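We have chain A; now place chain B onto it with these hints.
2 protein chains.
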Amino acid sequence: MSGPPAVTAFAPASVGNVGPGLDIVGLAVEGPGDEVRAEWIEGSGVRILDPGHAELPREAERHASGLAALAVLRRAGVTSGERGIGLRVRKGLPLSGGQGGSAASAVAGAVATNALLGSPLGRWALIEACLDAEEAVAGRHADNVAPALLGGIVLLRAVDPLDLVQLPVPPDLFVVLVRPDQRMRTADARAVLPREVPRAVALHQAAQVGAMVAALAAGDYELLGRAIDDRIAEPARAGLLPGFAEAKAAALEAGALGSSISGSGPTAFALARGRERAERVAAAMVASHAAGGRRAESVVGAVDRRGARLTGDGSEES
Amino acid sequence: MSGPPAVTAFAPASVGNVGPGLDIVGLAVEGPGDEVRAEWIEGSGVRILDPGHAELPREAERHASGLAALAVLRRAGVTSGERGIGLRVRKGLPLSGGQGGSAASAVAGAVATNALLGSPLGRWALIEACLDAEEAVAGRHADNVAPALLGGIVLLRAVDPLDLVQLPVPPDLFVVLVRPDQRMRTADARAVLPREVPRAVALHQAAQVGAMVAALAAGDYELLGRAIDDRIAEPARAGLLPGFAEAKAAALEAGALGSSISGSGPTAFALARGRERAERVAAAMVASHAAGGRRAESVVGAVDRRGARLTGDGSEES
Chain A
1 MSGPPAVTAF APASVGNVGP GLDIVGLAVE GPGDEVRAEW IEGSGVRILD
51 PGHAELPREA ERHASGLAAL AVLRRAGVTS GERGIGLRVR KGLPLSGGQG
101 GSAASAVAGA VATNALLGSP LGRWALIEAC LDAEEAVAGR HADNVAPALL
151 GGIVLLRAVD PLDLVQLPVP PDLFVVLVRP DQRMRTADAR AVLPREVPRA
201 VALHQAAQVG AMVAALAAGD YELLGRAIDD RIAEPARAGL LPGFAEAKAA
251 ALEAGALGSS ISGSGPTAFA LARGRERAER VAAAMVASHA AGGRRAESVV
301 GAVDRRGARL TGDGSEES
Chain B
1001 MSGPPAVTAF APASVGNVGP GLDIVGLAVE GPGDEVRAEW IEGSGVRILD
1051 PGHAELPREA ERHASGLAAL AVLRRAGVTS GERGIGLRVR KGLPLSGGQG
1101 GSAASAVAGA VATNALLGSP LGRWALIEAC LDAEEAVAGR HADNVAPALL
1151 GGIVLLRAVD PLDLVQLPVP PDLFVVLVRP DQRMRTADAR AVLPREVPRA
1201 VALHQAAQVG AMVAALAAGD YELLGRAIDD RIAEPARAGL LPGFAEAKAA
1251 ALEAGALGSS ISGSGPTAFA LARGRERAER VAAAMVASHA AGGRRAESVV
1301 GAVDRRGARL TGDGSEES
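Chains as they are written, first to last, in our numbering: chain A, 1 to 318; chain B, 1001 to 1318.
Next up, chain A with everything else stripped away, as it sits in the complex:
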């Protein structure tokens, strides 16, 4: 086994379920993210040295980052030998926030662990490893892990076997994330999804996904906005999210191209053309929540085109 004595990897926030793209379209957002430092330690296996948050588990088998590290070891066909791997997580993303926090922890954990091992896995295998971790934490969906790892906007054509498409990112596209002071467990948000959908709704949803992809390819911002029309998840989940409908209306009023729930919420996202408009949209959404007596935090960022990256070899600390 080769590689440096310690590495730190960063993975960005991501919007899963982009508009009509429930489970199948995700995008990475420049700015906040999770960071994981992987280092050799005494002992064996994977140990969480710092889970990143008091409420996150300290067992590797229950922490997204630890699960991803274990999956990397398994998929790389290596054991850590006489040494163990310790992970220190720095959570930049909220827990149960709908900003791809567990995916970012998994991706950063996988990338750091892989680098520590001398990079036996390619990006494809890393996504699979993160999918293993997500499956245990939030369900086998790649719409957060794929953009968090690869960056950009990703369409998942299929998960088993994995078949994904990186979609073009129009240059002026900005993303607004607004998180009201509320938690939403992914499992709860999934429970309200309909098991069956009327055929007409299914076909409408498919048409919106097609239109969204066409809009990204053509740089057609207006069409992109019209295609953010989710009739499966948003109607089912909006009722769980106080103030969402009003904040979305405020976003559109302020010039957003479109707006919907990010992942399973409670974060809402909006897309806007240009940073200035995106800032106005963010302010309008936060003000809408304030008018309803709810605190909300906003982030405005371009689409993160880089995805996960090493941020330091950490050797000076090891």
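For the record, the hints were derived by calculation from the structure and aren't laboratory data. Keep in mind that this is a model prediction, so the values were computed, not measured. Any given hint might turn out to be false.
[As the list claims (entries may be wrong)] Chain A regions said to be covered by chain B (calculated; three or more residues, Cβ under 8 Å): (1) 14-22; (2) 158-170; (3) 218-229; (4) 288-302.
[As the list claims (entries may be wrong)] From chain A, some residues computed to sit far from chain B (all C-beta separations above 12 Å): (5) GLU42; (6) ASP181; (7) ARG195; (8) GLU246; (9) ARG309.
Just so you know, even glycine gets a beta-carbon here, dropped at the ideal spot from N, CA and C.
Below, chain B alone, put in the same frame as chain A:
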């Protein structure tokens, strides 16, 4: 009212329900089509002078072409005055064949009538007029009329109000149409469609539509083929189409990118890269039907990028 004394318009065959794009993606095929000659006649209103086939109705209100002509008059806000409009239809497409025959008749009828009137309607209004006609004949779906009128590959984001996207056409894309000796009424084919679909199927279908659009934009033929994976209509209808499954398997075996039912059948379509391969695919599909004791006819063509067009002013005959 201005315009020439008679005009003839042609509209090409089209594949509706392209793969996963049930009701929402259609493409025009170079080669066969329907032709309608519109001319001034004594009397008033619209009259079908030649329905184009012994089994087609002679009443304008029941013939796709007559319905479209009437819709053009209505939408243009004009009456034919003291003169009537006579339509002569030349069917190049089979009845109930799944090649967009009623759409082609409607489109050619609308385009010819519009030209006869001095072209009061633009293309957008013409699509709406054809939708009116299709609604009466086969249901309010634009996945045949839009490509028959505009050419190319069309995604319908929405029908009310109409919002469509013309998708890029990769240069080497060829279409194979194989029609076994069988009829399929659109109404019967629609009756077998499930009213509800499992959420997972709906999301898979949406992902395929997105992948199909991405593949067309990127010229990725392999991805296009993988995306031709319809899990809503094809499983429901395949049982009504003797030999379809075998012909599809033969198409893939012969190098087709993908294959599915064209419109509501019985025609099957296949996509292939290059004319030579498309010809091989067509031969394999016809041979597969022959092995099952069924006669089948094939057409191979590029995507028709021109759509409906005037083919002669007919003035010498009027």
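Results for each hint:
no.	hint	verdict
1	14-22	holds (count 3)
2	158-170	holds (count 5)
3	218-229	holds (count 4)
4	288-302	violated (count 0)
5	GLU42	holds, 45 Å
6	ASP181	holds, 30 Å
7	ARG195	violated, 6 Å
8	GLU246	holds, 25 Å
9	ARG309	holds, 25 Å
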